[in-house]
Amino acid sequence: MSTVNIDLLAEELIRRVKSYLISTIGRTAEEADANEFYRALCYAIREETMINWQATARTIAKNQSRQIYYLSMEYLPGRLFVNNITNLCSKDVVKLVLQKMNRNLRSIVEQEEDPGLGNGGLGRLASCLLDSLATHHYPAQAYGLRYQYGIFEQQLWNGAQIEAPDCWLLNENPWEFRRDLRRVHVKFCGKPQTTYNIHGDEILSLTEAEEVGALPYDIPIVGYSKNSNFSVVTLRLWSTKDSPRNFLLQKYNAGRLDQAAENTTLTDVLYPSDNNDIGKRIRLKQEFLLVSASLQDIVRHHLAQYNNLRQFADKVRIQINDTHPSLVIAELVRILTKDHDLPWKTAVEITEACTGYTNHTILSEALEQWDKALFYYLLPRQCRIIERINLDFCNAIRSRYPQDEERIRRLSIIENDKVRMANLAIVGSHKVNGVAKLHTEILKNSVFKDFYEFFPDKFVNITNGVTQRRWLLECNPELARFITQRIGDKWITDFLTIKELAKFASDPESQLEFLAIKKKNKFKFIEYINRENRLRDANGIIISPPPLLDVDSIFDVQIKRIHEYKRQLMNALHLIMLYQEITQNPNHQRIKRTVVIGGKAAAGYETAKDIIRLIYCIARKVNQDPIVGPFLKIVYLENYNVTKAEIVIPASDLSEQISTAGTEASGTGNMKMAMNGALTIGTQDGANIEMEEEVTPEWWPFSFGCTAEQIAQLKMTNSYSSKEIYDNNPAIKKAVDALRDRSFAQTEEEHQIFSDLYHKLIEMHYGGAPDRYFMLKDLQSFYDTQLKVEELYKKPKKWAEYAIHNIAGMGKFSTDFSVHNYAALIWGIEPCPIDQELLDRVRYDYAAHNRC
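Residue 2 is where the sequence shown starts when you use this note's numbering, and the numbers rise one by one after that.
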């Protein structure tokens, strides 16, 4: 774009901003504060978005395209302002506008809160997929819930995680649109009344039901484009906050305040703690709210286009992201049989043809099961439908395996008065996909082995990815420029071309430039930490600044949800070993290391919270130690979110991907950090295996630990003894003993917490075998591999060569690649670029209005 064009565009944008400031906010450009200016700038930018949003919808309707509807309980889009101007290729224009209007970019960007719509990788993956769907013009719409207070804002008070409301909606969100005319109602509880449709199939009416209003808010997801022909995907979020009928005044007046407000609070918090009955009830209500409201909208949208449901099975594809929206299967069958008089068999066939299920876990505790009594109380009609689906399915199993009652028990959707949602999702979908090759193989050969034998054609693999536009182009502009100067900019929408970067890996000039960019990003991270990441005392009062960090130290980063299988505890034990080595060996050869750990523990997950407390207390001691401090610094990144990821990931040298082999479905942080030039220290788990294949083992030097097969063998033979490793490895014993010898505990509470962690490692874990995630088994291998890390880091140019090869190997780990695979293998959809005539017509109408 020429300088003249940029200047003209900037002047036009300034005119719009000033217009919005006066007409919408009632301020002049000189009077407006940063938030008012930010909102006016967003209103001005979104005008262009609205034009293409309309044209995208009209194009899909005109072409009668098959459409994918994506349902997820989580989205983590991050800040939308910078993402949108990146995808609209208007960053330079916006920077010029801010310069001319004497505004600071950082102060404007910081007016936007991260949308509190998700927790971790599941939500971020969903948002990356939407970006890719929009960028590549696929006909798509997504559905979720508009959580008023997110999952929570994490605060660390003397190391203890405190959950505070995430008030991301405190100010107006200029990127969302309230759609009052699309409000729907969802029914819970009540008494089912049996009737029959015209085909003689049992259908159920509901009397005395709780009716909950769901109001949608739409967010436009803008696709990347260098020209004006970009597509826009709708993310529709349901809220129960603004529906007055949801508040039960009679119960309020009777003093039952919790019951009175329950339905208004359904969209308050993501994943309320299910350690109590109310939490369980609200979780199930949330899941059905998402499903019922979205299906009503999908059916309405289809009928508006086609007037009947004859083409529904051909034109509609629904993807359920994890088990949370599995109730799609029961509810769609109900809608088709009751509301549209379709035969039972036809309704089931249509539902299966439309629905796909993405599985994200092999952990049994993460495969949702609901108590049948609660299920029947809240969703009596859906429960009866599931019972009939299950009866038909069990009969089909009996006809194939007539003597195998044990197999029927394993496959049954309902067993021991539990409704197994993963089983429902598999039975009711036409495709089931894992999210990494290893993960999918474990699903087929272990977790869902019986299902795979029964439905071999249902199971496919689609490895996760991330969008390089957010996780490289936007968050690491200097590295993006470095890449574009060498291979051109085709990588922005075709990431497979990133492989061309490999030929520059051995170029000394490229190596030095890469190292300089990494150093700049580390400076930015240090500046951010000094400004934002303060330490709090036990009362939540900020007491001191963070530790002084050395930009030349290796930045060793583990950022992900806190969970035992992700093994932040093993990372902590390695830190203790480092601390002990440096303090006791004056002749040690350790390099300077800055360890950054970030992530939230689920509100009811006490062990995960204890691990955070341990890391904090290790950092407290290490950072103030005059002997260790110069070599080792530890930072816990409080309230880790997308915005903080965008700062820490470009600064990362070493990416910690250390889950127990066979437990991590895929991972996406591994891809983001490798994409930004970090080397991975990781187990052979999830997508790490495929990443190593693409990078090649030659340039993937830090693999360690047991394989998934070895872990499975240890479990099967019950031959693992953490106590044996503890007794026979003096360095590990010394580190583990530090958990109970008060090396890091200053209070009795801390001592008890760390002693409990010791107990789980050496003696017993929730009544079962200790160290169930094999941390001590892999700890020595981890320690030895970290020595290899330090040796390579001492050779900066060689390190840079490895890093550039890692970037070049990430082509298949873009969600662009994932989306093309979903489209081909599961959805059967084609790109639907905007119709130029329709776009011109909408633009003409807009221009006529503008002239007015």
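Bear in mind the hints are in silico, worked out from the structure with no lab data behind them. Each hint should be verified, as a subset may be incorrect.
Pairwise CB distance ranges, derived in the manner of DEER restraints [unchecked claim]:
#1 Ile199 x Leu375: 28 to 36 Å
#2 Gln260 x Ala165: 47 to 55 Å
#3 Glu32 x Asp243: 25 to 33 Å
#4 Glu388 x Gln837: 45 to 53 Å
The structure presented is a predicted model; accordingly, all values stated were derived computationally and were not measured. Backbone N, C-alpha and C fix where the C-beta goes; we use that ideal spot for every residue, glycine too.
We went through each hint and held it up to the structure:
1. Look at Ile199 against Leu375: about 33 Å separates their beta carbons, and that is inside 28 to 36 Å.
2. The beta-carbon spacing between Gln260 and Ala165, approximately 25 Å, falls outside the hinted interval of 47 to 55 Å.
3. In this structure, Glu32 and Asp243 meet the distance hint of 25 to 33 Å, their C-beta atoms being roughly 31 Å apart.
4. Under the hint 45 to 53 Å, the C-beta atoms of Glu388 and Gln837, about 52 Å apart, fit the expected range.
Taken one by one, the earlier hints fail for this structure only at number 2.
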